[in-house]
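Undergrad: Residue numbers (this note's numbering), protein chains in the order written: chain A, 111 to 439; chain B, 640 to 961; chain C, 293 to 767.
None of these hints come from the bench; they were simulated from the model. Since we're looking at a predicted model, the values are computed, not measured. Fair warning: there could be bad hints in the mix.
What the hints assert, rightly or not - BS3-like cross-link-like pairs, simulated, lysine-lysine; straight-line CA separation at most 30 Å:
| no. | chain 1 | residue 1 | chain 2 | residue 2 |
| --- | --- | --- | --- | --- |
| 1 | A | K358 | B | K883 |
| 2 | A | K382 | B | K946 |
| 3 | C | K661 | A | K248 |
| 4 | A | K317 | B | K904 |
| 5 | C | K661 | A | K264 |
| 6 | A | K197 | A | K187 |
| 7 | C | K652 | A | K124 |
| 8 | B | K836 | A | K358 |
| 9 | A | K354 | B | K946 |
| 10 | A | K358 | B | K946 |
| 11 | A | K382 | B | K657 |
| 12 | C | K661 | A | K197 |
| 13 | B | K891 | A | K354 |
| 14 | A | K354 | B | K904 |
| 15 | C | K678 | A | K239 |
| 16 | B | K904 | A | K358 |
| 17 | B | K891 | A | K358 |
| 18 | C | K661 | B | K657 |
| 19 | B | K657 | A | K381 |
Said to hold, decoys possible - Far from chain B by the CB rule (all over 10 Å, computed), these chain A residues:
| no. | residue |
| --- | --- |
| 20 | E161 |
| 21 | P195 |
| 22 | H234 |
| 23 | T238 |
| 24 | F383 |
The beta carbon of each residue, even a glycine, is placed where N, CA and C say it ideally should be.
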Amino acid sequence: MSEDKVLLRVENLKMWHTMRRGLFGGVVYVRAVDGVTFDLAPGEAVSVVGESGSGKTTLGKTILRLHEPTDGKMIFKGRDITHTPEKELMWFKRETGLVQQDPYGAMPSFMTVYRILEEPLIVHKIGTKEERAEMIFKALEEVRMTPVEEFAFKYPHMLSGGQLQRVAIARALILKPSLVVADEPVSMLDASVRVEILTLMRELQEKRGISFIYITHDLSTTRYFSEWIFIMYAGHIVERAPTKTLLKNPLHPYTRALLAAIPDPDPENRKKFREVPPGEPPSLINPPPGCRFAPRCPYAFERCRHEEPPEFEAEPGHYVKCWLYVGVK
Amino acid sequence: MSTVLSVRNLRLYFSTRKGVVKAVDNASFDLRKGETLAIVGESGCGKSSLARALIRLLPRNVHTYSGEILLDGVNVMRLGEEMFRRSVRWRKISMVFQGAQNSLNPVLKVGFQVAEPLMMHFGMPKEEALTEAKRYLRLVGIHESFAERYPFELSGGMKQRAVIAMALITKPEIVILDEPTSALDVITQANIMNLLKRLQSEMGLSYIFITHDIALTSELADRVAVMYAGEIVEISDAEEFYRKPKHPYAEKLMASVPTLRTDKKLEFIPGTPPSLINPPPGCRFAPRCPYAFERCLKESPPPYEYKPGGFVRCWLYHEGKR
Amino acid sequence: MSSRVEYGLKATLKELLTYKSAILGIAILTFLVALSVYAVVSIPYDEAIKLWRGTGDVWRDNPRNALPEWWEWFAGRRLPRTIILDSRETGFGVSKAATPIVGTDMKLLTINLLFEYNYDDFPSELNFFFNARYEKDPPLVKLVVQKPGGEEIEFPRFSLKAPNDTLYYSISRDVLNALVGYYASKYKGVNVSEKLSSIELTLGRVSREGLEEGALEVEKGIYRLRIEALCFGEGSDLDVRVIIYGLVHGPAGTDNLRRPLEIALLWGTPVALAFGLTASLLTTVIQMIIATIGAWYGGVVDDVIQRLTEVYMILPFLPFLIMISAFYKIDIWVILVVVVILSIFGGGIKTTRALVLSIKEYPYIEAAKVYGASNARIIFLYIIPKILPPLVPGLISAVPGFVFLEAALSFLGLGDPFLPTWGKVLNDAFNAGALYRGYFYWVLQPSILLMLTAFAFAFLGFALDRVVNPRLREM
Numbered sequence: 111m112s113e114d115k116v117l118l119r120v121e122n123l124k125m126w127h128t129m130r131r132g133l134f135g136g137v138v139y140v141r142a143v144d145g146v147t148f149d150l151a152p153g154e155a156v157s158v159v160g161e162s163g164s165g166k167t168t169l170g171k172t173i174l175r176l177h178e179p180t181d182g183k184m185i186f187k188g189r190d191i192t193h194t195p196e197k198e199l200m201w202f203k204r205e206t207g208l209v210q211q212d213p214y215g216a217m218p219s220f221m222t223v224y225r226i227l228e229e230p231l232i233v234h235k236i237g238t239k240e241e242r243a244e245m246i247f248k249a250l251e252e253v254r255m256t257p258v259e260e261f262a263f264k265y266p267h268m269l270s271g272g273q274l275q276r277v278a279i280a281r282a283l284i285l286k287p288s289l290v291v292a293d294e295p296v297s298m299l300d301a302s303v304r305v306e307i308l309t310l311m312r313e314l315q316e317k318r319g320i321s322f323i324y325i326t327h328d329l330s331t332t333r334y335f336s337e338w339i340f341i342m343y344a345g346h347i348v349e350r351a352p353t354k355t356l357l358k359n360p361l362h363p364y365t366r367a368l369l370a371a372i373p374d375p376d377p378e379n380r381k382k383f384r385e386v387p388p389g390e391p392p393s394l395i396n397p398p399p400g401c402r403f404a405p406r407c408p409y410a411f412e413r414c415r416h417e418e419p420p421e422f423e424a425e426p427g428h429y430v431k432c433w434l435y436v437g438v439k
Numbered sequence: 640m641s642t643v644l645s646v647r648n649l650r651l652y653f654s655t656r657k658g659v660v661k662a663v664d665n666a667s668f669d670l671r672k673g674e675t676l677a678i679v680g681e682s683g684c685g686k687s688s689l690a691r692a693l694i695r696l697l698p699r700n701v702h703t704y705s706g707e708i709l710l711d712g713v714n715v716m717r718l719g720e721e722m723f724r725r726s727v728r729w730r731k732i733s734m735v736f737q738g739a740q741n742s743l744n745p746v747l748k749v750g751f752q753v754a755e756p757l758m759m760h761f762g763m764p765k766e767e768a769l770t771e772a773k774r775y776l777r778l779v780g781i782h783e784s785f786a787e788r789y790p791f792e793l794s795g796g797m798k799q800r801a802v803i804a805m806a807l808i809t810k811p812e813i814v815i816l817d818e819p820t821s822a823l824d825v826i827t828q829a830n831i832m833n834l835l836k837r838l839q840s841e842m843g844l845s846y847i848f849i850t851h852d853i854a855l856t857s858e859l860a861d862r863v864a865v866m867y868a869g870e871i872v873e874i875s876d877a878e879e880f881y882r883k884p885k886h887p888y889a890e891k892l893m894a895s896v897p898t899l900r901t902d903k904k905l906e907f908i909p910g911t912p913p914s915l916i917n918p919p920p921g922c923r924f925a926p927r928c929p930y931a932f933e934r935c936l937k938e939s940p941p942p943y944e945y946k947p948g949g950f951v952r953c954w955l956y957h958e959g960k961r
Numbered sequence: 293m294s295s296r297v298e299y300g301l302k303a304t305l306k307e308l309l310t311y312k313s314a315i316l317g318i319a320i321l322t323f324l325v326a327l328s329v330y331a332v333v334s335i336p337y338d339e340a341i342k343l344w345r346g347t348g349d350v351w352r353d354n355p356r357n358a359l360p361e362w363w364e365w366f367a368g369r370r371l372p373r374t375i376i377l378d379s380r381e382t383g384f385g386v387s388k389a390a391t392p393i394v395g396t397d398m399k400l401l402t403i404n405l406l407f408e409y410n411y412d413d414f415p416s417e418l419n420f421f422f423n424a425r426y427e428k429d430p431p432l433v434k435l436v437v438q439k440p441g442g443e444e445i446e447f448p449r450f451s452l453k454a455p456n457d458t459l460y461y462s463i464s465r466d467v468l469n470a471l472v473g474y475y476a477s478k479y480k481g482v483n484v485s486e487k488l489s490s491i492e493l494t495l496g497r498v499s500r501e502g503l504e505e506g507a508l509e510v511e512k513g514i515y516r517l518r519i520e521a522l523c524f525g526e527g528s529d530l531d532v533r534v535i536i537y538g539l540v541h542g543p544a545g546t547d548n549l550r551r552p553l554e555i556a557l558l559w560g561t562p563v564a565l566a567f568g569l570t571a572s573l574l575t576t577v578i579q580m581i582i583a584t585i586g587a588w589y590g591g592v593v594d595d596v597i598q599r600l601t602e603v604y605m606i607l608p609f610l611p612f613l614i615m616i617s618a619f620y621k622i623d624i625w626v627i628l629v630v631v632v633i634l635s636i637f638g639g640g641i642k643t644t645r646a647l648v649l650s651i652k653e654y655p656y657i658e659a660a661k662v663y664g665a666s667n668a669r670i671i672f673l674y675i676i677p678k679i680l681p682p683l684v685p686g687l688i689s690a691v692p693g694f695v696f697l698e699a700a701l702s703f704l705g706l707g708d709p710f711l712p713t714w715g716k717v718l719n720d721a722f723n724a725g726a727l728y729r730g731y732f733y734w735v736l737q738p739s740i741l742l743m744l745t746a747f748a749f750a751f752l753g754f755a756l757d758r759v760v761n762p763r764l765r766e767m
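Please construct the entire structure, taking both the sequences and the accompanying hints into account.
TA: Next comes the structure, spelled out in structure tokens:
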């Protein structure tokens, strides 16, 4: 992608958490994100799919600079934000937003919806009191919390999970960011409400041309939401492709396993067994050498167990981190 | 196929500071031997309370607990606590709890915990029980050396398997599975589902599979019961249900579930479920139902048998509108 | 269903009122507050201090160590109140007449004072306060006591020694001799018991047996005191104020300095409440800020604060206070400051810190970091409002501790020497050997008030704790 078409460029990003091991042990690292590279264009929505422990949440938080990367680079709107000190990042914070998984924990219980939405505006010193009021009511309208006067002065405990997520979305969008990270935004909501919230986010994303990084473990929701899917496993992005392509033609063995493992509501399911690899994802403290999926991979061969595969472009726009696709390009 | 469990008019209400919560309101269903009945519903619909009502693990503030639970023809509701504990709980019916991986005692070895039900219910000596426990660990796919380990040494998937072993070791007829794979990743979930399928056919178990994940239910369910606001609003067999659910709520719920393999337009259900303290008169789904008419708001519909063994609580069917 | 059980203030209050203990606590507190308001309004601060110092003759008219009037209920007898007769008053029972003696500049002044005595017990004391005006020679005074029934006892004349002179009738040797002599001659050969006091001989129903045994009952009826004074010089005059001191006085009795205890008890209420609440409030707020800053910033700051707290928790409180009071002038404000300083690194810091550490991880704090809120903003606007509700029960429950502390300090004599507080009353009582002397009310009343205060806050605090901490609730 050409420079001006890139909103966010992530190069070999690593985020290792330090864990002190007791009184006498040395420091131990949890390699949550261990070498991730991708570009994100403006207005583009990407789903980052992985299980718990894959590093997807850490990736999202690192991109927002909630953690400082251990290694690698992050370039946002042409500026290197990898190690910029916090106080110089206010411009970046205005450009980004976060929607979290827990709708109840994400709202301060002692503030009204109005105050919750006003806070980002106050922090960035935007507008007069009247102007802010207007912005807040408009934001509530956009997330369809109407009548706005009623909802604006409710406290979080008066709202349902779905309604709270709408407020969270309004809060994430009120500064008119160019990038929003949504970390499992619907997994704590009831099934019937998930669609509502995802649809709302998609609409707003398209309308405002915001780039979205949608983090989830539920692959089935991605087709409704994003242009691209990144599959994460044990701190790496193992496959990157446009949504339809990946779902129709998964290349990485892990992706294939994932797709094979997910049931659709089909009465025939109970009559057959699913072909899935055994075992569990590796520990991020001592990941195996070579490809991290090798211990469970039905197609693994010698090289897989010793050398970590680089990313190969198996077909235009479709990237796989797997030795099976070496030499394809 | 014989009916191994028959539930009629089961009610479980709780007293709280805010009023009486009608968690399970007049539930009736049958479970046949070797089959799985899935109970599906969203959070707060009462499905977990139903599980607890079946196995009689009740909190202190029970207001009403009534109905009939016929197990092999015997109404176990009439049994006293001690009799129930000795002859029903973990003998005829056992349970795998939600968040089961957290229900393992962190200070006891895994093998011991799996063996415990044998020691308690059959008075089996420890050695014998442990041997049996190791056999069951193998059965669920855990190497027997793990019997000497502590729960924190096992991964999430393994803990779940251990809990399943614990539920099976007394050779019950019926196993209640309450969200057995929540908090597990998709591949592990598929592995556990495979295990449950295998165990069901090998041991002739009957499952009551409780979850909010409709797609997941299709992995095991022969029949599906849908719960809404404390009531069972539909019971259909799998072929009917997954292709075309009958009750408007079930229909809308199915429409809101994203699928991987088919392209479909997702719908959502506006509004929120009613409070279980003061449910509205009439059909509890009526306020949100696109097909509701006057009668729905006034009278609560009784179950309508639209075909043998298939029930739906909806006036549309009583009045032949569908 | 999530377990969010934080409701607004109204709902919390409503919930609180469902606990009987809270209602009881609030009721007692309301009573105490009403008492405080009454105290402050009816006796302004400076007045109270002045009165309590008791300099001069402020309390001269009060009996010493009198019992509270409510004791009568328990005693089952009519206990004597103080009777005051003053020649300057006009009214029933008082008369004053002056008869000049022809040919001289002397006059004979006759003052008659009448009182009815219907009590079952003898008065505690009897004093005559004379107030004379003269140029050269003080008046010559003769006292005659007429008992009910007409019997008159005359006392030898005496001359006033100063314009303001007092006849301490009940302890005067001369008076006693006069009375014993009178009865000895009336009942020939009687051996008047040494146990009998002037008061008993004056106001008692006298009989031979009674005199010998030394036990007399009160003679009820109308008594007449006649004072005949020979005054010298034109314009000379004499007034007398007779005080027959009762055994009971006021709602709370009096102490050995004749001070009505109700003043100290009343005024002790606002002092106790204010001290307890202020100390608790200051300590809680400061602890909260310290704990939050430590928990938020972590690292060295947190470590330092934690170690400091641990050291503090081991240090002995009272010896420090004693040392400080030995060197510095103590008044209630100094005590407050010292107590707060010695409390701020207390155990509350550990619990608050734990609370803050868990709140730090809440999603909404993370969201705040994403939109760029500063650390200060997060601490003061996002964290502290969240930890305030759980701290309130602790705040309330800590009040009795501080109230007792102040009382204990006053009791040990380390408190403010001039402020009338409950502890000070106890200190006075102890120093005067109150319990040995049977002045139980002197100790009982302040103790009851202290306990009442403790109960009120404790009940309220426990109930609040149950409301705010859902885990402690009963379903």
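Undergrad: Could you run down the list of hints and mark each one as holding or not?
TA: Going down the list of hints, with the structure as the test:
1. K358(A) with K883(B): holds (26 Å)
2. K382(A) with K946(B): holds (27 Å)
3. K661(C) with K248(A): holds (24 Å)
4. K317(A) with K904(B): Holds, at about 20 Å.
5. K661(C) with K264(A): This hinted pair holds, its Cα atoms lying about 23 Å apart.
6. K197(A) with K187(A): Between K197(A) and K187(A) the Cα gap is close to 18 Å, so the pair holds against 30 Å.
7. K652(C) with K124(A): holds (25 Å)
8. K836(B) with K358(A): Holds - the C-alpha atoms of K358(A) and K836(B) are around 28 Å apart, at most 30 Å.
9. K354(A) with K946(B): Not OK: K354(A) and K946(B) at ~40 Å, beyond 30 Å, violated.
10. K358(A) with K946(B): The hint is violated at about 39 Å.
11. K382(A) with K657(B): The hint is violated at about 47 Å.
12. K661(C) with K197(A): holds (11 Å)
13. K891(B) with K354(A): Judged against 30 Å, a Cα distance of about 26 Å means the pair holds.
14. K354(A) with K904(B): holds (16 Å)
15. K678(C) with K239(A): Holds, at about 25 Å.
16. K904(B) with K358(A): Given pair K904(B), K358(A) holds - Cα atoms ~18 Å apart, limit 30 Å.
17. K891(B) with K358(A): With Cα atoms ~27 Å apart, K891(B) and K358(A) stay inside 30 Å; holds.
18. K661(C) with K657(B): violated (37 Å)
19. K657(B) with K381(A): The hint is violated at about 46 Å.
20. E161: Not fine: 3 Å to the nearest Cβ puts E161(A) too close to chain B.
21. P195: holds (37 Å)
22. H234: Non-interface label stands for H234(A): nearest chain B Cβ at 33 Å, farther than 10 Å.
23. T238: For T238(A), whose nearest Cβ neighbour in chain B is about 36 Å away, the distance exceeds 10 Å, so it holds.
24. F383: violated (5 Å)
In this structure, the hints that do not hold are numbers 9, 10, 11, 18, 19, 20, 24, in rising order.
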